[in-house]
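Trainee: Residues per chain, in single letters:
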Amino acid sequence: MSASANIDDAQWREALQTALLAATRDVFPTAGLEQARFGIRTENERIAVLSFHGDNAEGSIGLAVNEEFLVQSHPVPEILSNTNTDELEDWLGELLNRIVGRLKAHLSHQGVDVGMGTPVVLRGASLMVRPQADTRVCAYAFKGADQAYVWSQLRLSRTQVTRGANEPRYAAQGVVIRL
Amino acid sequence: MKILVVDDSSVVRKEIRHVLGHAHDVVEARDGIEGLQGLAEHADIGLVLLDINMPRMNGIEMLERLRAQNHGVPVLLLTTEGHPDLILRARKAGAKAWLVKPVPHDELRRLVDEFGRREMGAAR
Chain A
114 MSASANIDDA QWREALQTAL LAATRDVFPT AGLEQARFGI RTENERIAVL SFHGDNAEGS
174 IGLAVNEEFL VQSHPVPEIL SNTNTDELED WLGELLNRIV GRLKAHLSHQ GVDVGMGTPV
234 VLRGASLMVR PQADTRVCAY AFKGADQAYV WSQLRLSRTQ VTRGANEPRY AAQGVVIRL
Chain B
865 MKILVVDDSS VVRKEIRHVL GHAHDVVEAR DGIEGLQGLA EHADIGLVLL DINMPRMNGI
925 EMLERLRAQN HGVPVLLLTT EGHPDLILRA RKAGAKAWLV KPVPHDELRR LVDEFGRREM
985 GAAR
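As you go down the protein sequences, you meet chains A and B in turn.
Start counting the first sequence at 114; every next residue gets the next number (this note's numbering).
Start counting the second sequence at 865; every next residue gets the next number (this note's numbering).
Keep in mind the hints are simulated off the structure, nothing from the lab.
This one's a predicted model, so the numbers in the text were calculated from it and none came from an experiment.
Be a bit skeptical, because a hint or two may be false.
[Unchecked claim] Here are the simulated distance ranges between beta carbons:
hint	chain 1	residue 1	chain 2	residue 2	range
1	B	Gln933	A	Glu156	45 to 55 angstroms
2	A	Phe151	B	Gln933	44 to 54 angstroms
3	B	Lys866	A	Pro188	16 to 26 angstroms
4	A	Glu127	B	Val937	42 to 52 angstroms
5	B	Ala887	A	Thr248	40 to 50 angstroms
[Said to hold, decoys possible] Take a look, some chain B residues computed to stay more than 12 angstroms from chain A by CB distance:
hint	residue
6	Leu903
7	Ala904
8	His906
9	Asp908
10	Gly910
11	Glu925
12	Glu928
13	Arg929
14	Gln933
15	Gly980
[Claimed, not checked] Here are a few chain B residues that sit away from chain A, every Cβ distance over 10 angstroms (derived from the structure):
hint	residue
16	Ala887
17	Asp889
18	Ala907
19	Ile924
All C-beta atoms in this analysis are idealised placements derived from N, C-alpha and C, irrespective of residue type, glycine included.
Using the sequences and the accompanying hints, generate a full structural model.
Mentor: Right, here's the structure in full:
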């Protein structure tokens, strides 16, 4: 890394919002997104959550969408059974994986490298997502979709966080790199 | 050609089977351990499509184990990851290409045909 500058709280909040929005748009290019108040309650019965961590930050990202949205977001919707719970949950986890893959790339441009876990799908009749202490949070709602949200929480470590001027560039979505 | 698809997502495996199954024989594995078993059981596998983030054994570990065994099957990584360090690691382990999901279906078919043909040509 070459020249770097410290990132303050406001810059962090902006970086996370920008990265989450860009990552979600990468995965759902035609979806409209609007900022939502954090503290999400959903009747979707299932949400996917995935944690990520790095030298200087850790957090989680979540996705809640209904079954119709899930099926229609698949590149070959006809092969996805909307009555097969395992398949729908698997696809929900895969979509979240893709958002996190893109989020990592966008955060990297802000000087933060994070590793990610595997998605966990939670079920419940009514699910409430609350912010944890000391976290930067942001959430977006999908326009025109009933109770569909993506959100992220991020906690910085006490280590000084710096923004690199020449961070390595992640491969973008859809890119093919011949090795 | 017989193709091994290693991905923990059953929906992704199903999608790849849908895209490639008309022209190729698709064998599935859910993680790196099953992937290595699949290669041991099917000596005629001509190409591996390999995810990275999987439980038990990830794709990079599987790739490195393959190369430690001097297994020459061509491997295309198909993943949501895109970090330069991982790409470099995959290159050192002999992966042929790095594909960031989602890859358009036509492009996937073209790459599978290209690398499959190249390897079949090299084997002659």
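Trainee: All hints, please: hold or fail.
Mentor: Here's how the hints hold up against the structure:
Range check, Gln933(B) to Glu156(A): about 51 angstroms between beta-carbon atoms, so the 45 to 55 angstroms window is met. The hinted range of 44 to 54 angstroms is satisfied by Phe151(A) and Gln933(B), whose Cβ atoms lie roughly 49 angstroms apart. Distance hint check for Lys866(B) and Pro188(A): the Cβ-Cβ separation is about 24 angstroms, which falls inside the suggested range of 16 to 26 angstroms. With their beta carbons about 46 angstroms apart, Glu127(A) and Val937(B) fall inside the hinted range of 42 to 52 angstroms.
Checked against the given bound of 40 to 50 angstroms, the beta carbons of Ala887(B) and Thr248(A), roughly 49 angstroms apart, stay inside it. Listed as a non-interface residue, Leu903(B) keeps its Cβ farther than 12 angstroms from every Cβ of chain A; the least gap is roughly 19 angstroms. No Cβ of chain A approaches the Cβ of Ala904(B) within 12 angstroms, the least distance being about 24 angstroms, so the stated non-interface status holds. Here His906(B) stays apart from chain A, with its beta-carbon at least about 24 angstroms from theirs, past the 12 angstroms limit.
Consistency note on Asp908(B): stated as away from chain A, and its beta-carbon is indeed over 12 angstroms from all of that chain's, at 24 angstroms minimum. Taking the minimum C-beta to C-beta distance to chain A, about 18 angstroms, the non-interface status of Gly910(B) holds against the 12 angstroms cut. Taking the minimum C-beta to C-beta distance to chain A, about 14 angstroms, the non-interface status of Glu925(B) holds against the 12 angstroms cut. The Cβ of Glu928(B) sits about 14 angstroms from the closest Cβ of chain A, beyond the 12 angstroms cut-off, so the non-interface label holds.
With a least CB separation of 18 angstroms from chain A, Arg929(B) remains clear of the 12 angstroms interface cut-off, as annotated. Remark: the non-interface label on Gln933(B) is consistent with the geometry, its nearest Cβ contact in chain A lying 19 angstroms away (cut-off 12 angstroms). At the 12 angstroms boundary, the C-beta of Gly980(B) stays outside the reach of chain A, the nearest C-beta of that chain being 15 angstroms off. No beta-carbon of chain A is positioned within 10 angstroms of the beta-carbon of Ala887(B); the least distance is around 16 angstroms.
Distance check on Asp889(B): its Cβ is at least 18 angstroms (rounded) from any Cβ of chain A, clearing the 10 angstroms threshold; non-interface status holds. Residue-level check passed: Ala907(B) sits 25 angstroms from the nearest beta carbon of chain A, beyond 10 angstroms. Every Cβ of chain A is farther than 10 angstroms from the Cβ of Ile924(B); the closest lies at roughly 12 angstroms, confirming the non-interface assignment.
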